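Chemist: Here is what each chain is made of, one letter per residue.
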Amino acid sequence: MKNYSTDLLIIGAGAAGMAAALKAESLGIKVILVERNEEMGGILNQCIHNGFGLHYFKEELTGPEYANKFENLLNGKNITFLSNRFLHSINEENKEIIFTSSEGIEKISCKALVYTAGARERPFGSLLIPGNRVSGIYTAGMAQRLTNIENRLPGKKALILGSGDIGLIMARRLTLEGMKVEAVLERMPYPGGLARNITQCLKDFEIPLLLSTTVVEVRGQGRLNEVIVAQVDGNFNEIKSTRRSYSVDSLILSVGLVPSTTPVMHLVEIDKRTRGVVVDSIMRTNKEWVFAAGNCVVIYDLVDYVSKEGEIAGENAAKYILGETFGKKIKINPGNNIGIISPSFYVENTELELYVRVIRPCENKKIIVKSGQDIIHQSRHISMIPSEMEHIKIKKDKLLNVKELTVEVIENE
Amino acid sequence: MKIGIIGGGVVGALLAYELTKYNVEVTLIEKEFDVGMGVSKANSAIVHAGYDDEKGTLRSKFCARGNELYDELEENLDIDLKRIGSHVLAFKQEDMNTLDRLYNQGIENGVKGLKILDKNEIIRLEPNINEHVIGSLYAPTAGITEPWQVAIGAVELAQKNGLNLSLSERVIEIKTENYKIEKIITDKKEYIFDVVINAAGLYADVISNMAGDVSIPIHPRQGEYILLNKFTAHDLVNSIIFPPPSKMGKGILVLPTVDGGTLLGPTSEDLSYLLKDDRTTTRHGIDEIVESAKKLVPSIDVRETVKIFSGLRPESPNKDFWIGKSEKISNLFHAAATRSPGLTAAPAIAKFLVEEIQEKMKINFSEKENYISKRERIKNFFNDESLEKYDEMIKEDSSKGKIVCVCNKITESEIIEAIKRGAHTLDGVKFRTRASFGECQGGFCTHKIMKIISKQLNVPIEDITYGNDNSYVITGKVRP
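Chains as they are written, first to last, in our numbering: chain U, 1 to 413; chain B, 1 to 480.
Honestly, the hints are just simulated from the structure, not real lab data.
Bear in mind that the values here come from a model prediction, so they are computed numbers and not experimental data.
Take every hint as true, because none was put in to throw you off.
Restraint-style ranges between C-beta atoms, simulated for each label pair:
1) B:Glu462 - U:Ser379: 51 to 59 Å
2) U:Gly335 - B:Lys319: 52 to 60 Å
3) U:Pro334 - B:Lys395: 47 to 55 Å
4) B:Gly260 - U:Ser83: 23 to 31 Å
5) B:Phe91 - U:Glu206: 54 to 62 Å
6) B:Pro480 - U:Lys396: 54 to 62 Å
7) U:Pro334 - B:Lys294: 22 to 30 Å
For every residue, glycine included, the Cβ atom is placed at its ideal position computed from N, Cα and C.
So here's chain U without its partners, still in its complex pose (with noise of 0.2 Å):
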């Protein structure tokens, strides 16, 4: 059995491992990052579009290129990558995380962890669709691992469930292979991707987008064949008038993330809702010595973010291995209209990262966070979609002595 030992441990070399351990490194602490897949970038090896790193790097690059930059900037670095290797388990006690590989069990000792595992896709089953048992439903990411990495067309015609950005992408995608694509469908009444990927991946390629519409059934016979959809009401219920029928032999499914936290669900607190790893501003979990970043938190739109948040768990793991010591915890409420709220916790002395999603999309509306009573941020926002995070920075002067805080959406001023 082989014994590594290390200041910092990362899991997962995707955006945000890859972007903790840089920063960890700078601060001159002992990384090791380890991956599950031969190589680093996670799934941004699979997203061949571009659109990625105009905030992080100020251009636009392709999910590999975007992967990349960050390998090359990781090269040459006191950092040990180790590739195929997959987390057995994790010894809290001694602070010691083991791992399987080809070449056997391993054991890193650390002083610190950070987790950044990402997510997976929310499965066919979950959506309690009726109809036969078929192949040719694919989750997006896997139509899109097939296309992209394994030079397999999954289908000939095809309709692509969930307008979330993966879908999107997946229906440009699919058309420039061969496949057509007969129309992406979304359950609620506005798009549940990025405006920018309905008019470049859609309205580009004149692929309808039916919103308010949802799959009732699946028809086939060992393969997929017959697709029902129908409209839905405010409650989601079915418009029984309104069913019709597609022939295809695809059905791509778009229909969300879950954060991947079951490896540490019985190590740190998970939100019960989200599934996501509780972290506060610092990126810290209710471990001390574990720190988690992107997608296993929270589900980001951008993959900048994620580098950003990424950056802000190796450097706070970076400081508690330096002996640093941070302050008290302050919980973070959702208000009026808030969703999804990211950090849970926010720690004295600490710039703030905030990103929201709004539950009913609203136009011309604040956000304000408040302190008690007290207001100490607000920002007005011209048009809000869940689909679309609100990121709010919030410095830390602002912050001072503050108690419990909420996060809302001013509906009357």
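Use these hints to put chain B onto chain U, whose structure you have.
Modeler: Positioned in the frame of chain U, the structure of chain B alone reads:
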């Protein structure tokens, strides 16, 4: 003596297991691509205690006995059996009367350990149960298993002992002369058997008709299920929870699966005898499951669903099995209409038919001298081995260290072993190893498993299916 078994579900597989203990030549013919893929694949997976079967029925004859025999199967077939016990709940005083009736019936059937519990006792054992419960019938011998593993394990062991297994082969004609089966004709070849056993599940009526025997009255009864994520919904209940029984059967249950998930269902809908392949799930079925299951365990959250599915069971009008020698055809035996509790009764039915064949055919089977009495499951190294042992094993075979299914931690080595043991489809691998059975439902690993199958069996990746021929995954290359 040559014996042919038609049907490779749990019943046919256990018949093969019992018969290959003796010096007879046994052939098992299964129309599907793998064993255990019909009725056996999709049911509640319960080894029932045996209190539910009325006196005088074949069910009462075989169920409690079959339950006992599962200990032997667990040992010899190396399958999972968890005797977690069952509760039939009572919410009203009249339900308590039903519990009393079931209790007495259970005692008559020889069921051990039955107890009527009061509210406090149940809540202590099952804290998530509906607080309006007033009592329950507790049966500690009830358990859960994986029915397809029973079929796979039994057939594997039978093969070690000389079973001829023929998959993807359909019986199309049975030639008889003087009320005796002379020849079985399949879509591949012809067989001559001294004795034929009809264990064709939903198609037992078709086989019986082909042989010129009476029409066995069976029809499919559909049951839909919801399976919840084993990581996030695994400790909802500790045992099998039945509602108070109704005329349609045992009702919609909440129970743990062997793998740690929670299973809800089944619905119970009678279909025409023509709809033997209709494993459709329905909106009203799913809604009914959710509503009924929440009455038992209010905290159930169906957002944790990983899969919905539907199974068919061969129901008969008199709600009983059809077991024994044909009255018309001299060398035909039936193991038919194995409705609930068919899975539980199957080992007892198999043992009974071995005796019955000897008695009715006036022959004594002699035991095999070099009989191999045990089969080993495909080991899950990641979850089951100590770190030290696992480390050594990887050093001998690096594929044991490569995780393919990230949810259930299934290694490349296990998938290769499943293929060696006969899996050639994604479902074949899944039901032997649990790869792609987890919370992402194959999202991360399907392409990896396809590559392994392609390499091991030297078939193009385009030809790989989930199960039957038309269930292909990809259509071709993006670029040449």
